[in-house]
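Engineer: Each chain, written out:
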Amino acid sequence: MSSAHVKTRAPRVGEVAKYTVLSIIALPMVVLPLWVLVVNAFKSETEAATPTVGLPTDFVGLENFATVVNDGNYLVGLKNSLIVTIPTVFAVLLLGSMAAWAFARASSRFLRVAYYVAALSIILPPAIVPMVVLLTKTGLTGSVAGYVFALIGTRLGVIIFLTTGYIRTLPNDYEEAVQIDGANRWQTYWHVILPLVRPVLFTAAIMTVINVWNEFLFALYMTKGTANATLPLTLFHFANAGLYGIRWNLVFAHVILTGLPLLIAYIFLQRQVMSGLTEGGVKG
Amino acid sequence: MTVLDASDVEGAAASAPSTGPIMTPHPPTREPRRRLYLLWFSLPAILLVAFFFAIPFISNAGLAFTQWTGFSSSITFNGLQNFRSLWSLGILGHATYVTIIFAVVTMLAQNLVGLALAKALQQTNRINTFFRSLFFIPVLMSPLAAGYIWAAVLAPEGPVNGFISWFVPGDFTFAWLGQSPSALIAVGLIDAWKWVGLVTLVYIAGLNAIDRALIEAAVIDGAGAWRRFRSIEVPMLAPAFTFNLTLTLVGSFSALDVIFATTKGGPGDATSVLNVAVYAQYGQGLFGTSSALSFMIAILVIVTAVPLIWYLRRKEVVS
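Just so you know, the protein sequences line up as chains L and W, in that order.
Residue numbering for the first sequence follows my numbering, starting at 1 and increasing by one per position.
Residue numbering for the second sequence follows my numbering, starting at 1 and increasing by one per position.
Excised from the complex, chain W in its bound form (with noise of 0.2 Å):
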């Protein structure tokens, strides 16, 4: 954690010493005139979040509801029937059942690899620093060039597969990316691959924070490393593994670019999460049901990452 120094202030260095307040505390009843200036200041970050979250985001929820198509301009309610028909086509079962699947070997994959290389890598020295940037790399990159570097490394004829080649006999040529339950694991994987990195140092800024005097403790106490970190770092890690676990799972209920690089929703519809049902609906011209599925993955996110952040709130420790 950053530590604050009055130095830093240059305003305040001026007027204030450094020692420590000089001022005495105001009485907490202030004219609420004054402090007008706080709706000023925020206003234009509330009308821009309001505008483009907010409002679509509630619209969205009631135009679900609705007949609404391309093809005319007047917009009815319409019950459930748009989600009666796309659960009967087959598109909002399947669809939400990929998503799911996705979303947790994305985000399993993700914390599980970026938690033990985050304690590997815990120290800051220069070989460790090295690897930190090493596997930051795929952060940089864009979710669609992570997606064709990923097509051309599985391709049936490619690197990995010659690979595996050199060790079972005859040539192995497994299309990764073109069969059912394969495809829709590597989509999911290539996703994680693009984060790990940064997961990989919230997890090792969330070990660091952890008061050293607790770890030495345990040392004297006859702790092992197993024990240690099952029982101090674990559940000290409380913060960073709400910030990880909740932004990799919603993260990836909405992923869309990965799948549009290798297997644009296939093969058949194998790989189809909801945001590519979503994009399919909306390019046919059919807004009410492009709504519905657009709706289905806010419902996914309320009823799954709203009670893992309570969860885990409750889980982190008070200092």
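For reference, chain L alone in the conformation it holds in the complex (with noise of 0.2 Å):
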């Protein structure tokens, strides 16, 4: 990356001072919340009626956990919402990087016009209420299939945008040799167009992993009923539900088990995320 020979070493003392203001402003930025989340999940509802940074003295958090299971419908939660996630994640990423491939090689007024449509839903609000009175006319309110068609329509645009971009600045010579050889349309875009758009694309199916596995907003309008609930709104619903307010043990509880399956996905591709969002296509 940088050459190491011509950058003048820092001062050691300058470096320890850099690290210990970064390590005092990680510590309750970060470290605090994270604490008092894991900590107080495994107190008592008593115990954490005040939710403290003190460990747990009664410690009943695998009780907590079951109770999220049982009572806070997280399975039903975590069902719907894999159900949302990963068809939305691929939909979005074959449909977006397909349509930019056109989007990049167009001249036609129609596609330059439906490009910048499309980039321009990534920064316009969502219009809920017709969204909802649209997906009521197409029988598909309430269901899962309507929340997913209304993700798929509304996070398509970045993944547009971002690959447009990065298509345009591509050399069309790999496409147009392929189809000399006799490759059709698909085969280009599927040996081709795909694997060179790879690292954007990677980092578009992060943010949208990210996104779409948090959405709450459309999931508040367009669901219906627990049995279509996604983890957000079965955790929003749980911790509207204690009678004397927030039973904090349980809300946290339920707020560790709804972001687990992003934390583990985290942990194992750690490196990836970071690189591919430090160095991949994320430029405007």
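Honestly, the hints are just simulated from the structure, not real lab data.
Nothing false has been slipped in among the hints.
Just a few of them, taken from the derived set where beta-carbon distance is under 8 Å, the chain W residues facing chain L:
#1 I46
#2 S59
#3 S142
Here a beta-carbon is modelled for each residue, glycine too, at the ideal position from N, C-alpha and C.
Both chains are sitting in their own frames, so use the hints and assemble them into the complex.
Structural biologist: Right, dumping it as structure tokens:
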């Protein structure tokens, strides 16, 4: 990356001071909230009534997690979150990169306008009420299917924008070469374009997974009933279900279980995620 | 930036030597029929974006000016009536004001902290990677989860006040989320906290994309660290600024989750941003006024983000 021989080595004292300051910042900013989350998830309801940094004296973690799974509809939420997130992410990546190839190589006015509309969808806020009406008219309201379509339609813009910009920087020699060799359009897309745009798509996939897994606004308007609730929605209903305010121990147990799938994935893919986001395709 | 390597291209590698282009360029004019595949490839995405973004967005701009409730099947044009009644109820002006404060607090906090962290963690080494990963953990969380955690941390008897109590006489039990000015600032900062790890990574990517030769030339010319930051890095970071400032601003205009998890718009209506007001109107079956408030978010985005993008784009160095 950087040429080491030109760079002047920073004095060690400066380095130590920098990391001391960073640690002092990270402590209240990240460590404290996570600590409060974890220790209080293992406390009894009365002990967690005032959430503190103290360790649980009455260790009832397993009961708390069992309550979340049984009364908090955790498994239903998990199932729905998976059947929402997986198809949405794959559809967005596939349809988005296909469209991006077309937009990057197109000269027609229609496709140019379509590209700008897709790019606009990144910054303009979604019009929730008409979307719900549209889903009602098509008989998709309340179901997971309607919610998935709405998510795909509103998340495609980012993928299209990033991938189109990326493909435009690529020469089209590869595409033409394989087409001369007799590859059809689909083969060209699948064997040439898709491998080329993989770095951008990986970055986009990370962002889309995080965004869709945690999505709450659309879920609140578009899904009906416990049977269709995704994890953020089950968490929200569970947190509001307490008669005497929030039961911190149970809410935190739910928060941990809701975040766990992404956290596990992150632990395994941490290196790729970090380098994907710092070196990948995020460039305006 | 990722450098392209011809060996990455499985299909092409077999037929095209990686030394360079072998094809003579085609003449620019091609018969339109051969390009029809472009339409087929983009059609699914175009339809989905049309159905779930463009058509609802345009309908919303119209429905904002209609009498439309859940109690009657008729939708009739009523001009500015929705905006007038929302204004006289004190909802429109207040929610817009709260949204702007929220968005400004969030955007400033995310970008100032994000840029500072990016400068500190710019070099890729073991310890910096550890800190980057640590600050990235909140990004993985749902904004709801972030809201619940901070509601506990900031509770009157919670850890933050417990810490302050060490330094002030008596029991410090300030309700950060329970009073007017602090609640709005606090929810804005919670939202910023959730995203700052990502903003940091984008700035790091921007900083590392700057040509080292420029920095080294400035060092030779005797420019100090602050001077290099102000005169080289800030201008060269323009694309990262465009990306971060736009997305943090636009994102915070549409915020709802953090507020639903902490204050639910309260105390009173102190944190009732436009999206909270949209939901309240929708919940009462008042779809017309709900659309009007939703349209207000769109107006805010158009009058702030569009000039912002235009301004920042002009600042971007064409390389």
